[in-house]
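As you go down the protein sequences, you meet chains F and A in turn.
Under the numbering used here, the first residue of the first sequence is numbered 4, with each subsequent residue one higher.
Under the numbering used here, the first residue of the second sequence is numbered 261, with each subsequent residue one higher.
Derived from the structure by calculation, the hints contain no laboratory data.
One should not assume that every hint holds.
Calculated from the model, a selection of chain A residues having no Cβ within reach of chain F, i.e. all distances over 12 Å [what the hints assert, rightly or not]:
no. : residue
1   : 265
2   : 270
3   : 308
4   : 312
5   : 335
6   : 345
7   : 347
8   : 368
9   : 372
10  : 375
11  : 402
12  : 436
13  : 473
14  : 487
15  : 513
Which stretches of chain A does chain F cover? Using the computed rule of at least three CB atoms under 8 Å from a CB of chain F, they are [claimed, not checked]:
no. : segment
16  : 409-423
17  : 527-538
None of these values were measured; they are calculated from a predicted model.
The beta-carbon is built from N, C-alpha and C at its ideal position, and this holds for glycine as well.
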Amino acid sequence: MTASTTVLLPAESAVSSSAGRSRRVLTGRVILGATLVGIVLVVAVVGLFWTPYPTSLPDLPNRFQSPSLNHLMGTDELGRDIFSRAMVGARTSLIISLSAVLLATAVGTLVGFVAGYAGGVVDLVLSRLLDILLAVPALVLALGIVAMLGASGTSVTIALAWAYTPTFARVFRGVVVAARDHPYVEASRGLGLSAPVVIAKDLLPTVLPVMVVQVTTALAWGIMDEAGLGFLGLGVQPPAPSWGSLLIEGRQYLYDAPWLPIGAGVFVIIAVLGTNLLGDGLRDVLDPRSWTTRHSGRRARA
Amino acid sequence: MLKYALYRIALLVPLLLGVSVLTFLYIQVIPGDPVAGLLGPGGTPELIAQLRHQFGLDQPILTQYWHWLSNLIAHGDLGTSFTTRQKITPTLVNRIPATLQLTVVGLIFTVALGWPLGFLAALFKDTWMDRALSSLTLVGLSTPMFWVGTLLILIFAMHLRWLPAGGYVPLAVDPLTSIKDSLMPGLAMGIGLAPYLARMTRAATVEVQHEQFVRHAPTKGLRRRTVFLRYSARNAVPPTVVVIGLQLGSLLGGQVIVEQLFNWPGLGRLLIQGAIQRDYYMVQAVILVIAALYVLLNLLAELITAALDPRIRL
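In isolation and in its complexed conformation, chain A is listed as follows (with noise of 0.2 Å):
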C-alpha cells in the first residue's frame, strides 16, 4: 500500500510541473496585452512599455516561465498582482482554508445524499422508487447549481430566516458559527452534485447484485438486509469513491459559482475577482493552486480506494 501510494504521490510531480507551463502558457498565447487591458484608454505607448519592463513581459517567454518556477520553488512565490501590486501567495494562501472548508462540507452533503438515494434505487430496482428516484436524479443533474443556491436563499434565509444568505467566520473564530454559514452554500453543492454519484452508486450496487457471491449468499440462509448492507452496498463502495474523486473537478468549478453567490471568500471569488479585473498573474496562480488541489484531492480519492479495495493495488 505505501509503495502504491509513494508511486501515485511520484507521478504528481510531471502532472504539476505540466500545469505549470499550461497556466503560463495560457497568458502569454492567448491575445490581448494585459498591461494596454489593465491600464486602459489612458496607457501611453511609453506608460506601457514601463509596465511590461516593470512586470518583466518583455524578456522571452522562456525566461520569464524560469523566473516564474524558479521563485514559486526556492520562495513559493507566485508573482505579484497587477492590480493590488501586492505578493500573490499571502493573500492565496489566506483563502485556502475558507475554500477546503466549503470543499469538505460539500462533500459531506453530496455522499450523504447520493450514496443513500443510490443505494436506495438499487435495493428497490425496477420498482416504482426507482423509477422516482431516477427522475429525480435526472431533473437535479439538469439543475445549475446557482440556481438551487438562490432558491435556498429564498427559503432558508429570507422566508424562514434559519441562516444568513452569507458571509464566513474562520473555523478557529468561532466554530459554531463558521459551520452554520457554510451549511447552505455546502447543501447547494450537494445537491448540485449529488444526483451524478446516486446514479453511479446506483450502477455500481446492481452490478454487484449481480456477481455469484451476492447471488448465493439468501441460499446460506442470510437475512435480505444483510446480503444488501455486508456483499452488495459494501462492494459498491469502492468504484463510487473513484466516482467521487472524478467529481471534485465539478465540484471545484461550481465552487467558484457558490462562493460567489453566497460571498464565501475563497478561492473562486478570488479567481472571479481577478478574472473581471483581468488580473492575469492573479488568475494564473488562482488556477494553478485550484488545480494542484483538484489533483491531491483526486489522488487522495484514489488512494482510499486502493485501501478499500485490495484489487486495485496490484
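Bound conformation, chain F alone (with noise of 0.2 Å):
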C-alpha cells in the first residue's frame, strides 16, 4: 500500500506542474453549458409532472396555430401543443442518448483497456478490428442496426451504443498506450501489482478526464442522432414523442406549419449547444492533451 501510493507521488506533481495555468474547473463556457444543460434537464423533469396543455388530447378547434404567447411553439396538426409535447419528449431523447453513451463508455473501456494495456498481438487484432468497425459512418450503422431489430426506442438505444462503441474504444485505448509507459506504471508493475490493481491505481486517474470529456462530447451526438434517426422515421414511433419523433410528424406539414420541425429542432440546438460547451470547456480544464498547444495539428497520420 505504502508502495503504490509513493510511487503515485512525482506522477501528480508531474500532471500539476505540466498544466503551468490556472485549472480553475468553472470557466465561463462550463457555466454556460451546465446552466444551458440545466435549462433542459429542469424543463425535462417539470415535464414529468405538468406541461402548460395536455400532450395527447387533440384539440381540433386551435390545429397549426402559429407560435403566440398562449402556444410558445404553435401547435400541430391535431391541435396539440408543441411545447408541451417537446417538454415531455426531451426526457425520451435524453434517456436514450444518454443510455447510449453509457453503454458505449462500458463496452468500449474494456475493449480500449484491453486493447492498451494488454498491447502486442491483442491490441493489434482489436485495433484491426475497430478499424473495419469505424469503416462504416456511425449513423448510416445505426439506420441498418435499426432495420434490422425494428424501429423504437430501445432500438435506437442499442444501434447507437455499437455505432460508437469503436470511437470510444479507440480513443480510451489512444490514452492508455500513452499512460502505460510511464515510469510510475511501470515501477508498479514491477512491484508485481496485478493488472486490475495497476488499472484501477494508475491508468484509470490519467484516463478519466478524457474519459468524462468524451462521455460529454458523444451525448451531443447522441441527442443529435436520435432526433436524426427520427426525423427518419426510424427512431421513437408517434403518437410517443420524442424530440425526434415531433420532427417526423412536423415534417410531413413542412409547408402548412414551418414552426413543427422548427420548434423541436430549438430544443435539440439548446441541449446540444450546452453539451458541446460542457464538453469543451471541461477539455479545457481535464485534457490533458489541450494543456500543450504544440500538438494537435501534426499528427496527421494518427
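Please dock the two separately framed chains into a single complex, following the hints provided.
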C-alpha cells in the first residue's frame, strides 16, 4: 500500500506542474454549458409532472396555430401544444442518448483498456477490428441496426451504443497506451501488482478526465442522432413524443406549419449546444492533451 | 509517392473484406427473423420455411457468406432484394452518380465555408472577430443538418422561390438544372460540416504561426499578408485535408438525412427505404457500398495530404 502511494506521488506533481496554468473547473464555457443543460433537464423533469397543455388530447379548433404567447411553439395538426410535447419528448430523447452513451462507454472502456494495456497481438487484432468497425459511418450503421431490430426507442439506444463504441474504444486505447509506459506505471508492474490493480490505481486517474470529456461530447452526438433517426422515421414511433418523433410528425406539414419541425429542433439545438459547451470547457480543464498547444495539428497519421 | 499510394491501396483490401464480413454478420447475429418480419402476421411456418430456403437462409452462415462473397467478387452481384425481388446491384449502381454528385457539392460548400472562416479566426486570433467566429462555429456544430435543411427550404424555396425544394435531374441530362437542384442540399451539408473544419483550420493555422520560420518571416521584411498566405495558411492546409477526409464519415452519414429531406434519389434514400421495409439484403449492400465509398474517399484525402506534404510520405 505504501509502495503504491509513493509511486503515485511523482506522477501527480508532474501533472500539476505541466499544466502551467490555472485549472479552474468553472470557466465561462463550463458555466454556460451547464446552465443550458440544466435548463433542458429542468424542462424535462417538469415535463414529467406538468405541461402547459395536455400532450396527447386533440384540440381540433386550435390546430396549426402559429407560435404565440398562448402556444410558444404553435400547435400541430391535432391542435396539440408543441412546447408541451417537446417537454415530454425531452425525457425520451435524453434517456435514449444517455443510455446509449453509457453503454458505449462501458464496452468501449473494456475494449480500449484491454487493447491498450495488453499491447502486442491482442492490441493488433482489436485495433484492426476497430478500423473495420469505424469504416462504416456511425449514423449509417445505426440506421442499419435499427432496420434489423425494428424502429423503437430500445433499438435506437442499442444502435447508437454500437455505433459509438468503436470511437470510444479507440480514444481510450490511445490514452492508455500513452500512460502505460510512464515510469510510475512500470514501477507498479515491477512491484508485482496485478493488472486490475495497476489499471485502477495508476491508469484510471490519468484516463478518467479524457473519459469525462469523451462522454460529454458523445452525449451531444446522441441527442443529435436520436433526433436524426426520428426525423427519418426510424426512431421512437409517433404518437409517443420524443424530439425525433416530433420532427417526423412536423415534416409532413412543413409547408403549412413550418414551426412544427423548427420548434422541436430548437430544443435539440439548446441541448446539444449546452452539452458541446460543457464538453469543450471540460476538455480545456481536464484533458492533458489540450494543455500543450504545440501538438494537435501535426498528428496527421494518427 | 507512387509506392506510398500503392501501399495504401493494398491496405484497403483486407479492410474492405473485413467490412464485408461485418455487414454480413450484422444481419445474421441481430435477433429477429427477416423472413417472418417480411411476411408479417400472414406468414405461416411453411411459407416462412419456403422463403428461407429460397433466399438460402437455411444454410450455415459460412456457406451463406461464401456464396454471397463469391457472387460479389465474380459477378459484382450483391444479392436479391427481399421486397422487390430484383437484383440489388443495378439499382445500387444507378444511385451512385446522384450520391457522388451531392457528396462533391457538399464538400465544396464545406471547404468554401470552413477554410475562410478558420483562416479568418486565426488571422484575427484573440480579437472580437475570433471570439465571434468561434461562437458561430459552436452554434453551427450544435445545429442538426436536417434543421438547417428545413430552414433553407423555408427561405430559398418557399419564401424567396429561388431554388426548388427538392428533386433531382441527372447531370448528363441537364447539367444546369442538376447543379441548381444540388445547391440547397449541398449547402445544408456544408453548413453542417463547415464549423468543425473551421475549428480545425484555426487550430492548425495558429500552430503554424508559432513555428520559427513563420516568426522569422516578418524580419525578412515580408508583408503581413504574404507571411500569412505563403507561410501560415499554406502550411496549415495539409492537416486540414486529413480532417476533411475523416469528416467524410459524418458527411456520408448526414447525407442520408439530407437526401431524405430533399428527395434526392441517392444511396441514402435507398438505405432508408430498405431500412423501413426491412429489406435486409438491400441494407447490407448499401452499408457495404457506403463504407467502401467512405474508405476510398478517405484514402484520396490521405493521398492528397501526402502529395501536399512530403513529410508524410517518409
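Taking the hints in turn, this is what the structure says about them:
| no. | hint | result |
| --- | --- | --- |
| 1 | 265 | holds, 15 Å |
| 2 | 270 | holds, 15 Å |
| 3 | 308 | holds, 17 Å |
| 4 | 312 | holds, 16 Å |
| 5 | 335 | holds, 24 Å |
| 6 | 345 | holds, 18 Å |
| 7 | 347 | holds, 20 Å |
| 8 | 368 | holds, 20 Å |
| 9 | 372 | holds, 21 Å |
| 10 | 375 | holds, 14 Å |
| 11 | 402 | violated, 4 Å |
| 12 | 436 | holds, 26 Å |
| 13 | 473 | holds, 14 Å |
| 14 | 487 | holds, 18 Å |
| 15 | 513 | violated, 3 Å |
| 16 | 409-423 | holds (count 5) |
| 17 | 527-538 | holds (count 6) |
Consistency with the previously given hints fails for numbers 11 and 15, ordered from lowest to highest.
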